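Engineer: In order, the protein sequences belong to chains B and H.
Under numbering that gives the first Met the number 0, the first residue of the first sequence is numbered 0, with each subsequent residue one higher.
Under numbering that gives the first Met the number 0, the first residue of the second sequence is numbered 0, with each subsequent residue one higher.
Note that these hints are calculated values from the structure, not bench results.
Don't take each hint at face value.
Which copy is meant is left open, so a pair is good if it fits within one copy or across any two.
To be verified - Capping the alpha-carbon separation at 25 Å, the derived lysine to aspartate or glutamate pairs in DMTMM-like fashion look like this:
| hint | residue 1 | residue 2 |
| --- | --- | --- |
| 1 | 240 | 45 |
| 2 | 349 | 181 |
| 3 | 271 | 92 |
| 4 | 271 | 173 |
| 5 | 240 | 369 |
| 6 | 271 | 357 |
| 7 | 349 | 274 |
| 8 | 271 | 198 |
Since this is a predicted model, take the numbers as computed values, not measurements.
Number of protein chains: 2
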Amino acid sequence: MVWVHRESLPSVGAMTDVLSTLLTVNGERLWDSLMELAEIGAYSDEATGLTGVDRQSLTDADAAGRRLVIEWMTAAGLDVTIDEMGSLFGRREGSEPGLAPVLAGSHIDSVATAGAFDGCLGVLGALEVVRSLNDAGITTRRPIVVTAWTEEEGVRFGTDMLGSAVAAGRLTLDYAYDLVDEQGLRFGDELVRIGFRGDRPVRLDPPHAYVECHIEQGPVLAEQGYDVGVVTGVQAISWQKVTVHGRAAHAGTTPTELRADAGLAAAQIVVKLREMVDSGAYGRLRATVGHLRTSPGLPSVVPDRAELTVDLRNPDDAHMAEAEADLAAFLTTLPGTQPGLRVETRRMAKTTHVPFDEGVQDVIAAACADLGHDTMRLMSGAGHDAQEMAAITPTAMVFVRGEYDGISHNPREYSTPEACTAGINVLATTVLRLANH
Amino acid sequence: MVWVHRESLPSVGAMTDVLSTLLTVNGERLWDSLMELAEIGAYSDEATGLTGVDRQSLTDADAAGRRLVIEWMTAAGLDVTIDEMGSLFGRREGSEPGLAPVLAGSHIDSVATAGAFDGCLGVLGALEVVRSLNDAGITTRRPIVVTAWTEEEGVRFGTDMLGSAVAAGRLTLDYAYDLVDEQGLRFGDELVRIGFRGDRPVRLDPPHAYVECHIEQGPVLAEQGYDVGVVTGVQAISWQKVTVHGRAAHAGTTPTELRADAGLAAAQIVVKLREMVDSGAYGRLRATVGHLRTSPGLPSVVPDRAELTVDLRNPDDAHMAEAEADLAAFLTTLPGTQPGLRVETRRMAKTTHVPFDEGVQDVIAAACADLGHDTMRLMSGAGHDAQEMAAITPTAMVFVRGEYDGISHNPREYSTPEACTAGINVLATTVLRLANH
C-alpha cells in the first residue's frame with residue numbers, strides 16, 4: 000500500500016474533459032430511504048414531543064441499521080465488504096477496475112437525541128447516486144465505493160471519527176478496540192457482539208478522491224438563502240474530560256470557607272468558558288459543556304467529585320491554542336480558591352483545522368453551477384469523516400441547508416426534500432465527473 | 000391520643016429532686032458497637048482511600064443494620080416494636096409503667112459516602128444507657144424507649160426526617176409510602192421488601208421528653224475546645240429540586256447566541272448561590288448544590304436539560320426567606336439571557352428554625368457540669384429527628400465534637416472514643432434524671 004500524507008497529495012487537477020456530464024437522482028426514493036432508516040432506533044423525545052433517533056454506535060439499533068443499508072447496497076448491485084472496524088464498503092465496478100475508486104459516504108451511527116439526517120444523508124445519498132447510475136445505465140471509468148463509517152459521533156466510546164481515523168491510519172486498531180463505553184463495554188467486544196467485525200484490512204488504499212454530503216448543522220446556508228454549499232474545510236476541534244476532586248462534607252454544618260466543593264468548581268469552569276466565548280478574544284470560538292455530573296449527587300452532601308466534558312471549536316488554529324492555554328491556566332487557579340481541590344484533565348480528541356482539496360471543491364462548485372444552484376463556500380463547524388480522508392486523498396464536502404437555525408443532534412433537525420435532492424444531485428454529478436476522470 | 004402542638008407544650012419544669020443522680024456508661028462497649036455496626040454497608044472509598052459506610056434507607060444493608068440493632072436491644076432486655084414506617088422502639092419498663100416514657104435515639108440509615116458516627120452514636124448511645132442502667136441495677140420511674148428512626152437522611156426518597164416526621168404527624172403515612180427513589184422504587188414497597196413494615200401505629204403518643212445525642216458535624220466544639228455541647232435548636236432548612244429545560248443542539252455548529260444551554264444555566268445558579276453566601280446579605284446562609292446532572296450528557300451536544308438540588312440553611316428564618324426569594328427572582332431572569340430556557344422548581348423539604356426546650360437544655364447543661372465537662376450552647380446546622388419530636392414533646396440534643404473540622408457525610412468523619420463516651424455519659428445522666436422526674 001502506498002501511504003500518502005496530505006501535504007504531498009496531488010489535487011484532482013484539470014477535468015475539462017468530463018465537466019459537461021450531469022447526473023440527477025430520484026429525490027423521492029432518497030427521501031423514502033432516509034425516512035425508513037430513521038425508524039430504526041426511533042424513540043419518543045420528551046423535550047420536543049417529536050420522534051427522535053437513538054442509534055448509537057455498536058448498539059442493536061446500529062446493527063439493524065447496518066443490515067438495512069447492506070440489504071439496499073446489495074439490491075443496488077454493490078459488492079459489499081466490511082473492514083476490521085465494522086465500516087461498510089459497497090463497490091460499484093468501473094470499466095477500468097485497476098484505477099483507484101472514488102469514495103462517497105458518511106455514517107449512520109447517531110447521538111442519543113438525533114434526527115433523521117446527520118450522516119444518513121451522506122450514506123443514503125451516495126447509495127442513491129449508484130441507484131441513479133444504474134437507472135441511467137452509466138458505467139464510470141473508475142469504481143465508485145459507497146462507505147458507511149463506524150462510530151463517527153464518538154458519543155459512546157469517546158473518540159469521534161473512529162472508523163475513518165483508523166482507516167486513514169491516524170489511530171490504530173488496538174486503540175479503537177480497547178476503548179470502553181460508560182458501562183465498561185469494550186469497543187472490540189461490542190463489534191464482535193453485533194456481528195460486524197469484518198475481515199477487510201482496515202488501512203485503506205488511497206482512493207482517487209473522497210466526497211461527502213452532509214447537512215450543515217448550522218444556520219449559514221439558510222440565512223444566505225442557499226440550498227447547498229461547498230465546504231472549504233473543518234474547524235479545529237478539541238475535546239477534554241475534566242475531573243474535579245473535592246471533599247464530601249455535610250451541607251448544613253460545614254462552614255463555606257472549609258469546603259472543597261467539586262461541583263462549584265465545575266460550575267465556575269462552565270461560566271468561565273462562556274465568558275471566554277463572549278469576550279471575542281478567541282475569534283470564532285465555540286465552547287460546550289455537554290456532560291456535567293456531580294458525585295455522590297445527594298442534596299445534603301457537598302460534592303467530592305465533578306466530571307465534565309469540554310468541547311472547543313475554532314476555525315483558527317492559533318485562536319484555538321490560545322483558548323486551550325487560557326482554559327488550562329484557569330483550571331490551575333481553582334485549587335487556590337478552594338484549598339483541597341484537585342483538577343485532572345484528559346484529552347479525548349483534538350484535530351487542527353483541516354483544509355479541503357481546492358480541486359475537489361472546484362468540481363463541486365462547478366456541479367452546483369451546472370445544476371443551476373446558487374451556492375457559497377463555508378467552513379464546517381462540526382467534525383466529519385471527510386477530515387480523516389483528507390489525510391490520504393483529495394477530499395471535499397457538499398453541505399445541505401438545515402431548517403430551524405440548522406438545529407442538529409436534536410429530533411427537530413430537518414432539511415427539506417428539495418434541499419436534500421439538490422445536495423445529492425450535486426454529489427451525483429461530482430462523483431460521476433471524478434469517476435470518469 | 001392527645002395531640003400537643005409545640006407552642007402549648009409544658010417544659011419539663013423543676014427537677015431539683017433528681018438532679019443529684021449521675022450515670023456513666025461503658026465507653027469501650029459503646030465504641031465496639033459503633034465499629035461493629037459500621038461494618039454493615041462498609042465500602043472502599045476511592046476519594047479518601049478510607050473505608051466508608053453506605054447504608055441508605057431500606058436497602059439490604061439498612062435491613063442488616065436494623066437486625067443487628069434489634070438483636071442488641073433484645074439482649075439488653077428491651078421490648079422491641081416496629082411502627083408502620085419501620086422505625087424501631089425498644090422499651091425498658093419503668094416502676095410506674097403508666098407514665099409517659101423518655102425517648103432517646105436517632106437513626107442508623109446513612110448517606111452514600113458516610114462514616115461510622117452520624118445517627119449511629121445516638122441510637123447505640125441510647126442502647127448503651129440502657130445497658131449501663133442494667134449493669135447498675137437501676138429501675139427508673141418512667142419507661143425509657145430507645146428509638147431508631149427510618150430514613151433520616153432523605154437521600155434515597157428525597158424527604159429527610161421521614162420516620163420521625165410521620166410519627167410526629169407532620170407528614171402522612173400515605174405521603175411517605177408513595178415516595179419513589181431514583182430507580183422508581185416506592186418507599187412502601189421497599190419497606191415491605193426488607194421486612195420492616197411493622198404494625199405499631201405510627202402516630203406517637205407524646206412522650207415525657209425526647210433527647211438525642213449526635214455528632215456536631217461542624218467545627219465549633221473543636222475550635223472552642225469542648226467535647227460536648229448543648230443544642231439550642233435547628234436552623235431553617237430548605238431543599239429544592241431545580242430543573243432547567245433548554246434545547247439540544249450541535250456543539251460545533253450552533254452559534255452561541257442561538258443556544259438554550261440548560262447546563263450553562265445550571266452552572267450560573269451554582270455560582271450565584273456562592274455569591275449570595277459570600278455577600279453576607281443573608282446572615283449565616285449556607286448553600287449547597289449536591290446533585291447536578293446534564294442530559295443527554297454527550298460531549299458534542301448542548302444540554303437540553305439540567306437537574307440540580309439546592310440545599311439552603313439559615314439559623315434565621317427572615318434571612319432564609321430573603322435568600323429563597325432572591326434565588327427565585329434570579330431563576331426568573333435566566334430565560335431572558337437564553338431565550339427558550341424554562342426553569343421548574345419543586346420543593347423537596349422546608350423547615351423553619353426549630354428552638355429546643357429550655358428545660359431539657361438545662362437538664363443537659365447540668366449533667367455536663369456534674370460530670371465535669373465544660374460545655375457551650377450552639378445551634379445545629381443539620382436537620383435531626385429531634386426537630387420533629389420537638390413538635391410533640393420537650394426536646395433537646397447533646398452534641399459530640401468531631402475531628403478534622405467536624406467533617407461529616409464523608410468516610411473521614413471521626414469523633415474520638417473519649418468524646419463519644421463523654422457525650423453518652425451526658426445522655427445517660429440526662430435520661431436517668433428525666434426518667435425519674
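Engineer: Now tell me, hint by hint, if it's right for this structure.
Structural biologist: Verification of the supplied hints:
1. For the homomeric pair residue 240 and residue 45, the shortest alpha-carbon distance between copies (19 Å) is at most 25 Å, but the shortest distance inside one copy (27 Å) is not.
2. For a Cα distance limit of 25 Å, the shortest separation of residue 349 from residue 181 inside one copy, 21 Å, qualifies, whereas the shortest one across copies, 36 Å, does not.
3. Proximity of residue 271 and residue 92 under a CA criterion of 25 Å is satisfied in neither setting, with 54 Å inside one chain copy and 63 Å between copies.
4. Taking the shortest Cα distances, residue 271 and residue 173 never come within 25 Å of each other, neither inside one copy (37 Å) nor across copies (46 Å).
5. Neither within a single protomer nor between protomers do residue 240 and residue 369 lie at most 25 Å apart by alpha-carbon distance, with minima of 46 Å and 58 Å respectively.
6. When the C-alpha separation of residue 271 and residue 357 is checked against a cutoff of 25 Å, the pair qualifies neither within a copy, at 38 Å, nor between copies, at 49 Å.
7. In this homomeric assembly, residue 349 and residue 274 come within 25 Å of each other (Cα to Cα) only inside a single copy, at 22 Å, whereas the closest approach across copies is 35 Å.
8. With identical chains, the CA atoms of residue 271 and residue 198 are never at most 25 Å apart, being 47 Å at best within one copy and 56 Å at best between copies.
Hints 3, 4, 5, 6, 8 from the earlier list are contradicted by this structure; the remaining hints agree with it.
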